[in-house]
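Undergrad: Go ahead and model the full structure; you've got the sequences and the hints to work with.
Given next are the chains, with one letter for each unit.
There are 2 protein chains.
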Amino acid sequence: MAGVEQRQNKSGGGKYFFCSGGKKKEVKKETGLGLSFTKDENFGEWYSEVVVNGEMIEYYDISGCYILRPWAISIWEIMQTFFDAEIKKMKVKNCYFPLFVSPGVLQKEKDHIEGFAPEVAWVTKSGESELEVPIAIRPTSETVMYPYYSKWIRGHRDLPLKLNQWCNVVRWEFSNPTPFIRSREFLWQEGHTAFATKEEADTEVLQILELYRCIYEEFLAIPVTKGRKSELETFAGGLYTTSVEAFIPNTGRGIQGATSHCLGQNFAKMFEINFENEKGEKGMVWQNSWAYSTRTIGVMVMVHGDDKGLVLPPKVAALQLIVIPVPYKDADTQGIFDACVATVATLSDAGIRAEADLRDNYSPGWKYSNWEMKGVPLRIEIGPRDLANNQVRAVRRDNGAKTDISRVFLVEQVKGMLDKIQQNLFDVAKQKRDACVEVLKTWEEFVTALGQKKLILAPWCDEEDVEKDVKARTKGDMGAAKSLCTPFEQPELPEGTKCFASGKPAKKWTYWGRSY
Amino acid sequence: MAGVEQRQNKSGGGKYFFCSGGKKKEVKKETGLGLSFTKDENFGEWYSEVVVNGEMIEYYDISGCYILRPWAISIWEIMQTFFDAEIKKMKVKNCYFPLFVSPGVLQKEKDHIEGFAPEVAWVTKSGESELEVPIAIRPTSETVMYPYYSKWIRGHRDLPLKLNQWCNVVRWEFSNPTPFIRSREFLWQEGHTAFATKEEADTEVLQILELYRCIYEEFLAIPVTKGRKSELETFAGGLYTTSVEAFIPNTGRGIQGATSHCLGQNFAKMFEINFENEKGEKGMVWQNSWAYSTRTIGVMVMVHGDDKGLVLPPKVAALQLIVIPVPYKDADTQGIFDACVATVATLSDAGIRAEADLRDNYSPGWKYSNWEMKGVPLRIEIGPRDLANNQVRAVRRDNGAKTDISRVFLVEQVKGMLDKIQQNLFDVAKQKRDACVEVLKTWEEFVTALGQKKLILAPWCDEEDVEKDVKARTKGDMGAAKSLCTPFEQPELPEGTKCFASGKPAKKWTYWGRSY
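These protein sequence lines map, in sequence, to chains E and A. The UniProt record's numbering numbers the first residue of the first sequence as 1 and each following residue consecutively. The UniProt record's numbering numbers the first residue of the second sequence as 1 and each following residue consecutively.
Hint data in this document are derived by calculation from the structure and do not stem from the laboratory. Hints may be right or wrong, so weigh each one.
A pair counts as met if it fits within one copy or between any two copies, since identical chains are not told apart.
Keeping only pairs whose Cα atoms sit at most 25 angstroms apart, straight-line, the calculated SDA-like set for lysine to any residue is [to be verified]:
| # | residue 1 | residue 2 |
| --- | --- | --- |
| 1 | LYS88 | CYS167 |
| 2 | LYS91 | PRO364 |
| 3 | LYS125 | ILE113 |
| 4 | LYS504 | GLY252 |
| 5 | LYS88 | PHE219 |
TA: What follows is the structure, given as structure tokens:
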């Protein structure tokens, strides 16, 4: 991912490009249309460029911090609206806990703080004064919240307690900051729930994981695998971690999409979160925590983007359709403009997020490229011939396919096309992902597949030391391989199958690979 | 406001109270129903207690930071939904800028940083490492954002640029932390816009101010005054500041409700935010910034709360109506419970936020007090007699009025009552506020009125030194008086009227008083 952090220093000079008609045109000088890198050849640089030129991100003067521009935030808000409504149906309530944690509380759960300590940012001064005690900025809020769970939960009637917050968290990482994917501050939701029984906690872990799958597969059109993390990859201080795992074919890296943890009773013990059950017996609560972050947006860019720019799935696109007038000399320009405005009105009334680009200082070709860069799923062109025939021309961003649509059937046709784009993005992404999966059984095959950037599914003995050993043996410039998840959907594991790495009896099929 | 910061250390012992029937009942031991302080006698302590017992706030182990519980966040979310939709209609777009600011940028606008420097929290360490350069946490985002405005704005077609973000900010204040009203971290929205002309900026300042009025008057049922701040009270680095000002009769203090600033071209100059107009001439942009925060919720508690607890205006209440079964011995308990559930279903279908409290381990009387403490606007009781008569009994939180309602007209009657409660809360608050207004013309009257906790309207020469002088002359335990705002609605100012403080010719009527 070298170069991802690199600033955009595009020259201000004029650029040439081919518009859809195939004619060479000069575009406005100040714009940097077109990408300098290709996705296949320079993935890191391509990503870094596309998030900036697509106007999702602006690099910031503090390394690892990024400005999320409206084009990114609008996607975040659409996912937020969905997820927030779903968890409210599950009786989860939103709250807001402070950004700051005192050191004593932060350090209460030993394993947990070991996991986060190196990344914690500390406030030590206010104005010109030193603080008496340094104060930490939350990297996550378990230790912020749970002292109060202990206070609020007394009896079984106080359970379940289900809270969520939408907030920023800070993890001062030093390795490879990458917009959306790995940043020092990011936005997320974090849910924190407490139950009387392990069964209830187990059930919720999977309900939430299903919502995360839904965000990836149904909103972002990205195939993910549901599974359980290995011991080594389990959330610090938790009992077990489930996740949805995505894969980036270009880099051959897995990426953890979102996690739903069962914390068991570890935190309950440390923070004394006890309750009295119906029979007057004392018990400890069972807890979960779960989160997804703005990382989702980065995965979407990596999976769907192409050499023309972003490609947004219609369900999360702030703008699903852009209407562009294509006036020729001597054409009825006003008539064309009116048709554009009318088209937007018709589509907006039908609930489609549509706008017209009526700017008079850009050519149609420039506008095509501009909105392709921004990834708008569907473009509608209206020229003199379209006007004469009472039709519009629709051009899909995902595959470039062009269709003439009668204005009589505009709404239903556009709706149908948006659905098809959404489905096609998913299908293509799944096909590419699946093509990278390599099922194998030996260490030799494993090393070869890793070199070929494969997503490896291999039988494993499920021993922590063996995973550590795999990491040690695959260390290198590209980063070590590790287990990604043990998928819930397990292929058959024939009696006598050996672990690919240790040769011991295998217990399960597990995905392995390099990861973000 | 002494005592506001004090923790709740309520004894766990049983408490007695009178339920609506006037009979003495013992309530559950672990609950701290009822308030220890009255609003009129110990306002500070009352406030501190009511936000905790009403389950809006939990005190946190870092002074000046508070936990916003779901009961508070639900109010915030209702206001947010309204405001966010309104600004989107104005073509404002949401974005998210980093929490952190580098010192160089923070200090670029001299007046601005002078205003905020003493309150800035600094991150100096991550993990065990010292940062090379300390990094500030945003107290507000002018200096975070404007370097990028300079980058994004080139020509007149890039204008207006209208961005907003919903986020947390940190101001490490040391004086009197008070939940919602003055806290070291708080939630807000901050809008930052840039225009080609001062006229456009001026217009937007007032459009936003009108939305703030709407939040206070129409959602929170709190009368506010729109006006302009004095030179001394203008936003650090800004050109002029408008605000909506509320008033707390119990303490005789004004409170700035929300501010809409015209920044003029000061920041544009410092951050070089220039553009080329239609004629190819270079110009500087005109900027605004505007914000309202979780302070709104505190003002609502202070204005409407009473000795029974919170009083929530229906428009912002997460729960507008609570249905409580009142089963007597030998009554048809199941029938009553069924009627409660059916009542909630009918009301929910009609868009009213209603729930039933069917807990079997609390008495009806306990429940009445519990939901009164939480401020739910309307209570519906259903007992055997109600069941027999196909009616319910409605009890208003604002004035205790009881009405029997036929279940046939349930929805329309309840809607009507909620509207009346909303209006009555505003009317009563306005009446109380207006009763505190004292129009006066001399220093002697001013001093007397200040001692009587009045909201003072006085003719003023509008000179900065005179305001400084008023502050110096009124300094004391209670805090100095200052100008609150010059209301846009000006009474007639007869020729020859003198300034109440300087004796010079008065230029305007201005509100004065102590403030939060």
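Undergrad: Check the structure against each numbered hint from earlier and tell me which ones fail, lowest number first.
TA: Hint 4 alone not satisfied by this model.
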